[in-house]
Amino acid sequence: MALASAQVVDRVAAIIAAVPAYVGKVHTSRAWPLADADLPAWRVYAESEEVEPTGPTFPALQSHELMVACDGVARATANLDDSINAMAASALTALFASASTARLTPLNCAMSLRRIDREMATEGEAAIGRITLALRVRFHTFNNAPETIT
Amino acid sequence: MAFTEDLSVFMDVAEGFALAATLNGSAVEIISDSEGVDVFDGQAVTTMPSCLISAAQAASAAAGQSLVVGATTYTVRAKNAEPPDGALVRLTLTRA
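These protein sequences, in sequence, are chains A and B.
Start counting the first sequence at 1; every next residue gets the next number (the numbering used here).
Start counting the second sequence at 1; every next residue gets the next number (the numbering used here).
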């Protein structure tokens, strides 16, 4: 088991990694830079997480709102914007393919897309772009069981 | 006696550091450079390829032309005279 938010990140990453173009190219714990040969690739990681207790009892049921960032990075010498947009389209299609994927089954969550950001590098060959999918994932835990999504 | 610059010493393929290349279909000699560059706050690393070429051989060089060096084909992105006198020109490149 792992902290609930880590399970969410792993599940999101697994769904994107099931897209044939991204097999072996989705990273959840990679801190070192992606090289040209690694692209296209995704980094999936947890950003902020708000936790709100829903009552005074023990164990307290907690409502979590986790922001998950999915950074898609691609290299293209022409139509770079098309490349990163295509990455986003294929990932979103997989993530929201069904009610089951949107719930991150077997986890019991509610995932929604909150924002899409785009950036193109002007350094170097100016051939690398990044698209970030900001996902909001809501789920519940009990405060004495941080590794169990209820 | 006026100084006469001999750039062939710098662009010596046989004995020096220069490489034979083809710029827009014409044979040229270049000195290649490829600096590593971090992008997106270090999330990715790429290269910044460029080359030095004599102003005479770069006279017709322009953005969009191809430069073939060995098995690698580049596209010229920019052309800038090198200081102090512009005798050498730097072509900023991207791999095609």
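Honestly, the hints are just simulated from the structure, not real lab data.
As the structure is a prediction and not an experimental result, all values here were calculated from the model.
Treat the hints with care, since some could be wrong.
[Claimed, not checked] Under 7 angstroms between C-beta atoms, here's a sample of chain A residues computed to sit facing chain B:
(1) Ala35
(2) Asp36
(3) Pro40
Built from N, CA and C at the ideal position, the CB exists for glycine as well.
Do the hints match the structure? See the list:
1. Ala35: OK, holds: A:Ala35 within 7 angstroms of chain B, min 6 angstroms.
2. Asp36: 6 angstroms, holds
3. Pro40: 11 angstroms, violated
When the structure is compared with the earlier hints, a violation turns up for hint 3 alone.
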